[in-house]
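K.L.:
These protein sequence lines map, in sequence, to chains A, B and C. Using this note's numbering, you'd call the opening residue of the first sequence number 1 and step up by one each time. Using this note's numbering, you'd call the opening residue of the second sequence number 1001 and step up by one each time. Using this note's numbering, you'd call the opening residue of the third sequence number 2001 and step up by one each time.
One or more hints might be untrue.
Straight line, CA to CA, 35 angstroms or less: simulated DSBU-like cross-link-like pairs of lysine-lysine [to be verified]: (1) Lys207(A) with Lys1103(B); (2) Lys1115(B) with Lys1060(B); (3) Lys1041(B) with Lys2097(C).
Here are the computed distance ranges between Cβ atoms for each label pair [claimed, not checked]: (4) Leu2252(C) with Arg1080(B): 49 to 55 angstroms; (5) Phe5(A) with Gly2164(C): 25 to 31 angstroms; (6) Val150(A) with Asp2179(C): 37 to 43 angstroms; (7) Trp212(A) with Cys1112(B): 30 to 36 angstroms; (8) Gln87(A) with Gln1116(B): 20 to 26 angstroms; (9) Gly216(A) with Ser2168(C): 49 to 55 angstroms; (10) Trp2141(C) with Phe226(A): 55 to 61 angstroms; (11) Arg131(A) with Val2152(C): 39 to 45 angstroms; (12) Gly238(A) with Asn2184(C): 28 to 34 angstroms; (13) Leu2252(C) with Arg131(A): 24 to 30 angstroms.
By construction, these hints were calculated from the structure, which means they are not laboratory data. Where is the CB? At the ideal position from N, CA and C, for every residue including glycine.
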Amino acid sequence: MEQVFWLSALGAILALDAAMVGQFMFSQPLVVGAVFGYLLGDISSGLMIGAMLQLLWLGVLPVGAYVPSDHTITGGITTGLAIMLMQKYGMAFGLSLVLALGIAIPAGVLSGKVDILVRHLNSRIDGWGERTAEKYGSLGIAGLNLAGLVAGFLRNFIIYFVWLGPLAVALGWLAPQVPEPVHRALGAVYWILPMLSLAVILEIVAKAKAYWIISGVFLLVWILLFVWSGQAWMIFGGVLVLGSVLMWWKRAW
Amino acid sequence: MPAELVLVRIDDRLIHGQVAVGWVKATSPDFIIVADDTVAKDTLQKTLMKMAATAAFGVKICKVEALAALMQSAELSGKRLLLLFSSSQDVVRAMQSGVKLTKLNVGGLRYCPGKQQIMKAIAINQDDVRNFQEINRQGVRVSIQMVPTDEPVDIMKYL
Amino acid sequence: MVEKPTQRLKFGTLLAIALRSFFLQACWNFRRMQNLGFAFSISPLIRALSKNREQEIHFLKRHLEFFNTHPYCVSIILGVVCQVEEGLARQNEHADKANRLKVGMMGPLAALGDTVFWSMLKPATALLGVGIVFLAASQIWPAILGPIVFLVLFSIPHLGLQIGGVFSGYRRGIDIVKDLRRFNPQFIARRLGVFIAVVLGGLLGIITFQTSTVLVSAQLLGTGILLAVLLVFFFALRRGIGVSHLFYGTVLIAIGLAYAGVF
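Construct the entire structure; sequences and hints are all you get.
P.N.:
Pasting the structure below:
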């Protein structure tokens, strides 16, 4: 339980980065996954889980007053749950990931809903703005901001703690009861997941010219790998160079 | 050919992220038209607004009274237009000067003292209530919807 | 044009404002959105310019008005406000010029920030980071580069704008709008779009090549299946179906197929 407490506290602080402080990208699954993996003693799984989840919700933009579900929390919870499942019950990587993700998505949705409540609460705090400024000056305003931060931290912490604590225990009890065909199905979904990630990015750049570039590079890479097997790193490097060059070629826009 | 109105929106921040990223993607307009007297008078604001234009859409800025004429102009004939107003009063004025609407989207009306907050980013006063009722009476469906992925909510429930 | 007065704000004051601007959304609320964060960020200026407590409070209250923009681009507005307020303070004027500028700039700068950072730079750098982790498979060493590359590449423009924006906004004042036009954010967005497309194509090739053999033994068939799945996801996303729904839908279909004995 102590470990869950500290993980939740750290996760809650990192999650503040999503909207409240800085947007340094510390809250992104790729980073949270690495940090949680490190703390749980399985950094390579953490990295992989973060990478699997990083792109999924990039199409949902936090524009203006619009509050989307907070899926940075989904990323942290999935990483924590999946690594616990693997370590405690020896479950396969892909299976743990998909199972954990399935349990963690509602946490992100809930987090978005609670976020709206917090922002309404903040409206209350804003109502005290003028009076606080008169009485305590800029120090008072700093205090109001701190109140908002504390509310945000508590929101994140409680969600993390519920999911990584009681729900993780329930999941640990439930997971071994899952019938074999479901195991196989969830394991297969793991291999499909990157396609969903890439579909999200495809939707972001959806444009006629982009389709041509994507198809062209795809075919080139696939054929190169086929005839020159196993040189994925070098080919990826080549792709990056090609991308950096094409960026400056006006006709590619 | 008359211009096609893909979205008519009240948003007192006019062009910002929700419009330039969210709604542009959902409605793919040829032009965003900002009908606002203050902006039309202010060179600085005009420059800023035009900065938001991309290759995909242009930005035009006009006074509310000039909107009807602009929409009839040859340049906009047959084009897809996204219309932005900053207040309900401006919509009423535009309709009086002959602009025809069927739907009106309310996306953002900021809070200030004397207004009542009816939804997350929408705060209205008595004048707004009267204006929306008037707009609704003329057969325009008025709904609150911040971004395309939100569910539209009929504003009449809150008046 | 009025002759520009000498600028007297200290480096430390401007830096403090820039650092405080990271907390812009700490108390984001539906009434006046980022107003409390803005007042917090601008406080060092208020302390530097006010001669007495009364003035300070009046100043602070003026900056509690409605405000909402992109959290990175706010730096430019803060810088411009510093310059304008300094001018007003010297002339002992209390016109609401600063607020008019804030209101005028916040919308367009939000559009700019959302386009460049959220809809282009974040996907581009994240895709790169994810690609590195995928390629490294389960080796920690190259894989750890994924998040590092992502953070570094994203942070350079972010921190550059958030810190530098305050200083150039202060130096150039409202003329910064002209600079922004020359800088042309739309071209950056389009360039990043091309970069994303190339990397996406490359990753798609590598991932389908490597995972196709996991599902079925024939590589070409496996790739075809993966691409078909990708297109189904893509068209579903375009029709507005959310990622979470797609995930759960895929799980259900997979369970159905497993019981039907397909795999």
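K.L.:
Each hint needs a verdict: does it hold in this structure or not?
P.N.:
Going through the hints against the structure:
1. At roughly 28 angstroms between alpha-carbon atoms, Lys207(A) and Lys1103(B) fall within 35 angstroms of each other, so this suggested pair holds.
2. Distance hint between Lys1115(B) and Lys1060(B) is fulfilled; the C-alpha atoms sit about 30 angstroms from each other, no more than 35 angstroms.
3. Our distance criterion of 35 angstroms between C-alpha atoms is met by Lys1041(B) and Lys2097(C), whose separation comes to about 16 angstroms.
4. As the Cβ distance of Leu2252(C) to Arg1080(B) is approximately 38 angstroms, the hint placing it in 49 to 55 angstroms is violated.
5. Between Phe5(A) and Gly2164(C), the C-beta spacing of about 40 angstroms breaks the proposed range 25 to 31 angstroms.
6. For Val150(A) and Asp2179(C), the hinted distance range of 37 to 43 angstroms is satisfied, since their beta carbons lie about 39 angstroms from each other.
7. Between Trp212(A) and Cys1112(B) the CB atoms are about 50 angstroms apart, so this pair departs from the stated range of 30 to 36 angstroms.
8. For the pair Gln87(A) and Gln1116(B), the supplied restraint of 20 to 26 angstroms is violated, since their beta-carbon distance comes to about 53 angstroms.
9. Taking the beta carbon of each, Gly216(A) and Ser2168(C) are about 40 angstroms apart, not inside 49 to 55 angstroms as hinted.
10. In this structure the supplied range 55 to 61 angstroms is violated for Trp2141(C) paired with Phe226(A), their Cβ-Cβ distance being about 27 angstroms.
11. Taking 39 to 45 angstroms as the suggested C-beta distance range, the pair Arg131(A) and Val2152(C) conforms, at roughly 44 angstroms.
12. At about 29 angstroms, the CB distance of Gly238(A) to Asn2184(C) agrees with the hint of 28 to 34 angstroms.
13. The beta-carbon spacing between Leu2252(C) and Arg131(A), approximately 54 angstroms, falls outside the hinted interval of 24 to 30 angstroms.
Of the numbered hints given earlier, the model fails hints 4, 5, 7, 8, 9, 10 and 13; all others are met.
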